[in-house]
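Top line first, the protein sequences correspond to chains W and P. Just add 44 to wherever you are in the first sequence, counting from 1, and you've got my numbering. Just add 44 to wherever you are in the second sequence, counting from 1, and you've got my numbering.
Warning: the hint list may mix true and false statements.
Since copy identity is lost for identical chains, a pair holds within one copy or between any two.
Computed list of lysine-lysine pairs in DSS-like fashion (alpha-carbon distance at most 30 Å, straight line) [stated by the list, open to error]:
#	residue 1	residue 2
1	K59	K347
2	K267	K63
3	K267	K138
4	K267	K81
5	K59	K267
6	K267	K347
7	K338	K267
8	K59	K81
Calculated from the structure, these hints are not laboratory results.
Protein chains: 2
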Amino acid sequence: MGETEALRFLAERFKVTQKEVLKGIGDDSAVVELREKTCLVASTDTLVEGVHFHLGAQTPRQLGKKAVCVAVSDIGAMGAVPRYLLCSLGCRGKDAMDFIEGLSQGVGDGCREFGVCLVGGNLSESQTVFISMTALGEVLRDDMVLRSGASEGDDIYVTGTLGDSALGLRVLLDDCGIDGSEGAVSRHIEPTPRLQVGRMVARRGVASSMIDVSDGLFCDLEKLTSEHGLGAEVSLGSLPLSPGFLSLCGKLSEDAYRLALSGGEDYELLFTSSVRNRVSIEEVSRLCGIAISKIGSVTAGRKIRFFDEGGEEVFYDTGGFEHFC
Amino acid sequence: MGETEALRFLAERFKVTQKEVLKGIGDDSAVVELREKTCLVASTDTLVEGVHFHLGAQTPRQLGKKAVCVAVSDIGAMGAVPRYLLCSLGCRGKDAMDFIEGLSQGVGDGCREFGVCLVGGNLSESQTVFISMTALGEVLRDDMVLRSGASEGDDIYVTGTLGDSALGLRVLLDDCGIDGSEGAVSRHIEPTPRLQVGRMVARRGVASSMIDVSDGLFCDLEKLTSEHGLGAEVSLGSLPLSPGFLSLCGKLSEDAYRLALSGGEDYELLFTSSVRNRVSIEEVSRLCGIAISKIGSVTAGRKIRFFDEGGEEVFYDTGGFEHFC
Chain W
45 MGETEALRFL AERFKVTQKE VLKGIGDDSA VVELREKTCL VASTDTLVEG
95 VHFHLGAQTP RQLGKKAVCV AVSDIGAMGA VPRYLLCSLG CRGKDAMDFI
145 EGLSQGVGDG CREFGVCLVG GNLSESQTVF ISMTALGEVL RDDMVLRSGA
195 SEGDDIYVTG TLGDSALGLR VLLDDCGIDG SEGAVSRHIE PTPRLQVGRM
245 VARRGVASSM IDVSDGLFCD LEKLTSEHGL GAEVSLGSLP LSPGFLSLCG
295 KLSEDAYRLA LSGGEDYELL FTSSVRNRVS IEEVSRLCGI AISKIGSVTA
345 GRKIRFFDEG GEEVFYDTGG FEHFC
Chain P
45 MGETEALRFL AERFKVTQKE VLKGIGDDSA VVELREKTCL VASTDTLVEG
95 VHFHLGAQTP RQLGKKAVCV AVSDIGAMGA VPRYLLCSLG CRGKDAMDFI
145 EGLSQGVGDG CREFGVCLVG GNLSESQTVF ISMTALGEVL RDDMVLRSGA
195 SEGDDIYVTG TLGDSALGLR VLLDDCGIDG SEGAVSRHIE PTPRLQVGRM
245 VARRGVASSM IDVSDGLFCD LEKLTSEHGL GAEVSLGSLP LSPGFLSLCG
295 KLSEDAYRLA LSGGEDYELL FTSSVRNRVS IEEVSRLCGI AISKIGSVTA
345 GRKIRFFDEG GEEVFYDTGG FEHFC
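Throw the hints in and build the complete structure from the sequences for me.
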């Protein structure tokens with residue numbers, strides 16, 4: 045099948061019924077009417093074959109859903125509500141249709157689960173498969189949470205658990221499918237963006253800064269602190285590590301803390317908050333049914349320091365994932 | 045240099061000064077305040093190495109500007125005003141910095157020329173170079189011009205001239221740099237989106253349907269007619285062909301009409317309009333200083349037919365560019 049047929053297939057599959065979408069797939073551009081007094085939030089992210097994923101390690105359907113998750117996670121990290129997606133897909137001509145069909149099922153899964161709709165797309169042949177996803181969302185100006193905004197003394201929080209995704213990736217790459225690795229692998233392949241938590245801390249105005257953990261906790265904590273002239277003290281004992289993760293780290297002789305600090309693609313939310321908001325944050329955790337762990341505090345100076353349970357400083361090679369390095 | 049440094053470089057280069065852009069590059073997402081009562085228009089397009097361009101045939105700077113042009117052209121074809129861009133770039137680690145630097149200069153050139161600003165971006169390593177550009181724009185609901193909307197009897201118009209870009213591509217691929225080919229090559233490498241014409245026909249409400257010619261006149265005319273149960277009669281003698289194009293076609297033994305009908309990437313506007321708007325369209329042409337040629341009429345039936353100057357029907361193999369074929 046050719047591009048026209050593929051586009052028609054997509055237009056049919058992603059037929060939009062929301063009345064504010066005046067035009068979805070099938071014209072030069074999508075057209076949507078935004079609610080009044082809201083700001084438009086826009087973010088773009090790409091999954092590239094050989095860098096972010098390896099074909100064969102997951103189905104095209106899983107890949108499609110992950111692309112949606114990665115895209116909406118960035119919108120959620122602003123405290124915004126994701127609404128629309130545009131997808132540029134590059135794939136090889138051979139078997140393109142099967143791939144597009146599977147991928148679009150996964151995009152559909154993600155759209156339903158995260159309440160967004162695909163309004164635009166583009167297909168190209170490419171020797172390297174890539175999925176470029178742009179997410180659009182809305183937020184009230186006062187609710188918006190930026191990466192800048194932390195103050196000295198703020199608590200540092202993270203949702204869910206850390207490191208599982210990086211460990212899952214290691215299991216996938218080593219093809220060492222050992223018992224008990226399913227949870228970690230599934231966290232890598234089908235991450236969950238913390239949209240509800242992001243939205244709730246934003247509406248309550250309790251997050252002074254926020255980011256989603258995609259490059260590894262250390263790297264992303266730098267973006268909330270060091271990049272704004274601040275530092276952080278993190279208590280390793282407070283890092284939320286799942287029992288499955290700890291047991292699997294033992295089996296694979298992985299250093300659990302190192303992986304939790306530098307492993308990417310957790311898609312948990314990392315945010316800072318004044319100490320006076322502790323009760324409110326406990327309430328958000330309870331209402332959303334998601335653990336929110338206080339892992340440290342914002343300090344003066346640009347240094348990020350780690351302490352073990354005995355209060356001793358620990359030094360880690362904590363570089364996260366960087367392209368072109 | 046690594047990704048962080050490259051991103052910082054881009055954030056610095058594309059520092060946004062417009063007050064409605066609450067957050068540009070450098071956070072999880074961009075945030076903009078749209079004007080009241082306007083609709084958001086969004087489109088995504090990708091240039092892929094080996095498919096849409098060959099490195100070496102143009103500088104990274106030219107490529108960057110072309111990526112902007114292609115993106116804003118889709119917004120213009122809705123009668124909308126392009127405002128913001130998000131760019132996802134994939135390139136090989138080797139020489140990434142030089143490439144990113146050149147490309148971003150070109151993106152800057154395009155931003156200035158077409159009045160848009162880059163508010164978001166993403167960099168990845170990729171074995172195949174690609175530039176995925178999402179453009180966002182604004183339009184009043186009543187001004188919006190869709191691909192659907194043509195009626196039987198409407199005139200068919202096209203701006204500028206056709207075929208130059210496809211001929212320029214042929215010169216580039218054959219590396220046959222003959223005299224007089226500079227104009228065609230430059231049209232391929234640095235196309236001009238017809239934003240002002242698109243905007244003006246939209247505001248005057250004189251276009252019943254509109255598209256930008258990216259896949260070739262025939263293919264794009266199908267999208268305005270056959271896809272909506274209509275047809276077209278096109279007079280070959282009315283096709284706007286530049287003298288340079290005609291002379292170069294002669295030298296290269298190319299069939300000028302075939303190239304004008306099937307060659308892609310003209311980025312001219314193709315639109316339909318009721319016959320009562322002829323005077324208004326002449327005025328738009330004069331005000332914008334851009335030729336707008338009436339090339340035929342919308343008919344009933346789904347067939348697109350071509351006639352020579354003697355009124356004889358001519359048959360062409362008019363397939364435009366399709367991926368995966």
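Now the hints, each set against the structure:
1. In this assembly of identical chains, K59 and K347 lie within 30 Å of each other by CA distance solely across copies; the values are 27 Å between and 50 Å within a copy.
2. Taking identical chains as interchangeable, the C-alpha atoms of K267 and K63 lie at most 30 Å apart only when they sit on different chains, with a minimum of 24 Å there against 38 Å within one chain.
3. Taking the shortest alpha-carbon separations for K267 and K138, only the inter-copy value of 26 Å comes in at or below 30 Å, while the best intra-copy value is 41 Å.
4. When the C-alpha separation of K267 and K81 is checked against a cutoff of 30 Å, the pair qualifies only within one copy, where the shortest distance is 29 Å, while the shortest distance between copies is 36 Å.
5. With identical chains, the CA atoms of K59 and K267 are at most 30 Å apart between copies only, with a shortest distance of 18 Å across copies and 38 Å within one.
6. Taking CA atoms no more than 30 Å apart as the test, K267 paired with K347 passes inside one copy only; the shortest distance there is 12 Å, against 58 Å between copies.
7. Taking CA atoms no more than 30 Å apart as the test, K338 paired with K267 passes inside one copy only; the shortest distance there is 18 Å, against 56 Å between copies.
8. With identical chains, the CA atoms of K59 and K81 are at most 30 Å apart both within one copy (27 Å) and between copies (25 Å).
Of the numbered hints given earlier, the model fails none.
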